[in-house]
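Enquirer: Here's the letter readout for the chains.
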Amino acid sequence: GYGRFGLMYNDMPAAGVSKTNITSRLRLQIDATTESDAGVTFGARARIQQTNGGAGTGINGVRFYAKAGGLEVGVGNIIGAFEGMDGQYPIDLGLTGLSYNYTAYGVGGADAYSSAGAGASLTNGVEVIYTVGDFKAHISASDTNSRVAGAFAYSFNGYTAAIGYQDSTALTDTEWTATFGGKIAQFGFNIGYAQAYNGFERWTLAGSYDVSDALNIEAYYANDTNTAFADEDSYGIDFNYDLGGGASFRGGVEKIFTGATQADLGVRFNF
Amino acid sequence: GYGRFGLMYNDMPAAGVSKTNITSRLRLQIDATTESDAGVTFGARARIQQTNGGAGTGINGVRFYAKAGGLEVGVGNIIGAFEGMDGQYPIDLGLTGLSYNYTAYGVGGADAYSSAGAGASLTNGVEVIYTVGDFKAHISASDTNSRVAGAFAYSFNGYTAAIGYQDSTALTDTEWTATFGGKIAQFGFNIGYAQAYNGFERWTLAGSYDVSDALNIEAYYANDTNTAFADEDSYGIDFNYDLGGGASFRGGVEKIFTGATQADLGVRFNF
Amino acid sequence: GYGRFGLMYNDMPAAGVSKTNITSRLRLQIDATTESDAGVTFGARARIQQTNGGAGTGINGVRFYAKAGGLEVGVGNIIGAFEGMDGQYPIDLGLTGLSYNYTAYGVGGADAYSSAGAGASLTNGVEVIYTVGDFKAHISASDTNSRVAGAFAYSFNGYTAAIGYQDSTALTDTEWTATFGGKIAQFGFNIGYAQAYNGFERWTLAGSYDVSDALNIEAYYANDTNTAFADEDSYGIDFNYDLGGGASFRGGVEKIFTGATQADLGVRFNF
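Residue numbers (the working numbering), protein chains in the order written: chain V, 1 to 271; chain F, 1 to 271; chain R, 1 to 271.
Rather than coming from a laboratory, the hints here were simulated on the basis of the structure.
Check before you lean on any hint, since a few could be wrong.
[What the hints assert, rightly or not] When the alpha-carbon atoms are kept at most 20 Å apart in a straight line, the in silico EDC-like pairs for lysine to aspartate or glutamate are as follows: (1) 255/F with 233/F; (2) 67/V with 242/F; (3) 67/R with 92/R; (4) 67/F with 242/R; (5) 255/F with 210/F; (6) 255/F with 232/F; (7) 19/V with 143/R; (8) 19/R with 143/F; (9) 67/R with 213/V; (10) 67/F with 31/F; (11) 255/V with 11/V; (12) 67/V with 92/V; (13) 67/R with 31/R; (14) 255/V with 232/V; (15) 136/V with 72/V; (16) 183/V with 213/V; (17) 19/F with 143/V; (18) 255/F with 231/F.
[Claimed, not checked] To be clear about the criterion: a stretch of chain F counts as covered by chain R if any three or more of its residues have a C-beta under 8 Å from a C-beta of chain R, and this derived list gives those stretches: (19) 46–57; (20) 64–76; (21) 105–117; (22) 168–178.
By construction, the Cβ of each residue, glycine as well, lies at the ideal position given by its N, Cα and C atoms.
Start from the sequences, fold in the hints, and give me the full structure.
Expert: What follows is the structure, encoded as structure tokens:
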């Protein structure tokens with residue numbers, strides 16, 4: 001798991017809330033596995049995730065899986081084909097990830113692992129992931145809006161192209177998405193696109209630059225046609241400085257679709 | 001602890017629920033103990049048990065105990081004299097145990113360890129267990145219906161006979177119960193009887209057969225005179241196939257007292 | 001963590017509650033830390049604390065910290081300058097601590113680590129602790145009543161003197177407190193004083209005596225001018241008998257400010 005703590009700034013806070021507040025999270029990860037005589041690994045992953053100000057927090061919905069060679073079957077609080085697709089999280093902005101406006105498929109809904117809730121374990125979530133060489137396929141389904149989603153990724157010469165399609169009964173769910181990214185020397189880049197059943201589209205462009213062994217900078221620009229948003233575009237930049245021992249000093253600032261500017265700064269440490 | 005996941009079928013589901021659903025459970029067991037200079041073991045047992053669709057689940061009521069030689073005193077979320085009595089759980093049907101209609105004392109109420117709740121720790125639960133040679137005595141008490149229950153078991157030549165009596169202020173609690181069982185070569189058998197203060201009676205007959213080192217089959221027939229049930233009888237059969245490494249493939253089918261037919265199938269793994 | 005279980009007696013119980021009940025607590029402590037290349041320790045402390053009769057209990061608010069040499073910065077569910085001050089917990093009466101009437105600063109409110117709740121992580125709690133030689137300074141602050149508290153302690157020849165002051169917008173919060181204590185051979189003693197912004201004052205006098213290597217006796221007398229209390233004084237005595245292996249047999253009896261007499265007796269074990 002990991003811990004992180006620091007400051008979070010938002011220039012459009014809810015009524016009665018300060019613009020600057022302490023932010024923190026502790027994530028305890030529980031991985032329990034065994035291996036059968038035939039070489040099948042059976043496992044379960046659960047988390048206890050405590051956010052700043054929370055108390056009495058227990059474990060989230062569990063993802064169970066069976067894995068053999070390149071084939072994995074998962075049930076419960078599944079990852080989801082879109083959530084697990086290459087290029088959807090090209091960067092991790094600042095200390096907390098901030099808005100995730102840079103995640104293309106976020107233009108609409110899809111099944112995703114819930115670190116604090118039950119996720120698709122409430123709705124018969126099931127998924128199959130198959131990896132062979134440079135090719136990866138991921139199909140997931142749940143009773144939430146009768147979702148069935150598939151994602152396919154192919155890597156070549158350090159680049160990865162991925163495409164995903166989802167069948168759903170909800171207009172607010174994502175219909176399809178595609179990404180393309182890679183790394184050239186110290187430069188990383190990724191472009192993403194997604195469209196929801198209601199016709200809203202999101203474009204994302206993200207880049208990263210390794211200034212030195214310890215210092216990394218990331219930035220993004222995203223455009224979303226969702227008419228509920230105040231702004232069509234969102235953009236931000238961050239830095240991550242490695243302190244060694246699994247600890248890093250991190251911070252980011254961004255202007256998001258709602259029109260708000262937010263920033264964070266602090267320390268994250270793995271254990 | 002253990003994890004299990006698979007499918008559960010019920011031909012009389014609640015309104016709006018499918019007949020077939022994913023079933024899963026993760027049980028994390030926490031055992032904390034120390035030993036005094038005089039050789040007394042002090043300990044606590046607690047569980048975090050997450051069922052399919054659950055989230056935010058914390059630890060259950062704790063059972064504390066002190067143990068020396070054959071004598072054990074427990075308080076809190078106690079096991080209970082009936083729950084801990086030999087022959088009450090002669091089989092463990094299918095993946096999930098299914099109905100537990102084959103547990104004789106279940107004709108009425110009694111104190112039992114609660115894996116997800118507080119159990120008798122809410123009501124001053126306390127118990128004493130004494131084991132000497134082939135003889136075992138277990139007395140438990142709580143403020144729930146002023147229950148005081150005692151169970152006594154004796155083993156001889158591979159057979160075990162047990163009898164239990166409970167004093168209670170509730171008509172729906174179990175008054176007395178008796179079991180007899182054993183194993184002859186690959187065949188196991190058990191008969192059980194229990195009567196509640198309201199006069200309802202339950203008979204159970206359970207058997208098991210080891211087909212091979214890896215494959216085991218279990219079956220039961222039970223009869224309950226409780227007039228709230230649609231049917232007087234319940235019966236079922238299952239199989240357990242050992243996959244090695246603490247994992248097993250399991251499934252069962254049964255017709256229960258409510259008149260419903262239910263079945264499960266899946267994998268269980270210990271860790 | 002630790003476990004403890006035993007009996008608790010109170011001669012003025014709430015309506016419908018017995019005078020004597022089982023008491024128990026299981027505390028699981030989670031300490032996660034890492035150390036950066038520059039020698040800074042980053043860590044998080046959380047607890048799962050289950051009290052008798054509780055169920056579904058998750059982790060409490062987390063205290064995060066960064067520590068280097070004698071300097072420590074904490075955020076979230078902070079300890080608090082008064083709670084962490086020398087001489088505020090001179091004894092630990094009986095099995096459970098009982099009333100804590102012997103904690104001087106308890107005359108009013110102040111930030112303190114919450115073992116079961118969120119504590120000051122709800123209100124931007126932050127603190128700095130600095131230790132150099134025999135001197136210790138602790139400053140804490142939170143948005144709860146705009147509290148800023150400072151405590152300073154100095155140790156010399158086995159004695160420790162400490163003084164603390166708190167700025168707060170609430171009349172029911174503690175304004176200042178002072179303690180002095182030490183140990184002479186087998187005898188320990190401590191005197192404490194505190195005053196709240198509403199003018200209420202509390203004096204405490206506590207002592208301990210090591211009868212033998214295994215047996216220790218503690219006693220206190222406290223006086224509080226809070227007019228909401230039935231009595232102005234509170235007093236009690238206890239014993240702690242070391243059983244080895246981290247286990248101890250403990251009990252205490254006291255007459256508290258509410259006028260009630262309470263007592264406890266049982267076993268505590270560390271693990």
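Enquirer: Tell me if the straight-line CA distance from residue 67/R to residue 92/R falls inside 20 Å.
Expert: violated, 28 Å
Enquirer: Could you grab the alpha-carbon distance between residue 255/F and residue 210/F and see if it respects the 20 Å cut-off?
Expert: violated, 23 Å
Enquirer: Holds or violated: residue 67/F with residue 242/R, Cα cutoff 20 Å?
Expert: With Cα atoms ~17 Å apart, residue 67/F and residue 242/R stay inside 20 Å; holds.
Enquirer: Does the structure keep residue 255/F and residue 232/F at a Cα separation of 20 Å or less?
Expert: At roughly 11 Å apart (the allowed maximum being 20 Å), residue 232/F and residue 255/F satisfy the hint.
Enquirer: Examine the segment 64–76 of chain F for residues whose CB is less than 8 Å from any CB of chain R, and state whether their number is three or more.
Expert: Holds: 4 residues of the segment 64–76 of chain F have a Cβ under 8 Å from chain R.
Enquirer: Measure nothing beyond the straight line between the CA atoms of residue 67/F and residue 31/F; if it is 20 Å or shorter, mark the hint as holding.
Expert: holds, 14 Å
Enquirer: With a cut-off of 20 Å on the C-alpha distance, tell me whether residue 19/R and residue 143/F pass.
Expert: holds, 13 Å
Enquirer: Mind checking, does the segment 105–117 of chain F have 3 or more residues with a CB under 8 Å from chain R?
Expert: Result for this restraint: holds, n = 3.
Enquirer: Given the hinted pair residue 255/F and residue 233/F, is their alpha-carbon gap at most 20 Å?
Expert: Since the Cα atoms of residue 255/F and residue 233/F sit roughly 8 Å apart, the hinted pair holds (cutoff 20 Å).
Enquirer: According to a criterion of three or more residues whose C-beta lies within less than 8 Å of a C-beta of chain R, is the segment 168–178 of chain F covered?
Expert: This one is violated; 0 residues, fewer than the three required, reach chain R with a Cβ under 8 Å.
Enquirer: Within a Cα-Cα threshold of 20 Å, do residue 19/F and residue 143/V meet the stated pairing?
Expert: Satisfied, since the Cα-Cα distance of roughly 13 Å is no more than 20 Å.
Enquirer: Holds or violated: residue 67/R and residue 213/V, Cα atoms, limit 20 Å.
Expert: violated, 25 Å
Checked against the numbered hints above, the structure breaks hints 3, 5, 9, 12, 22 and satisfies the rest.
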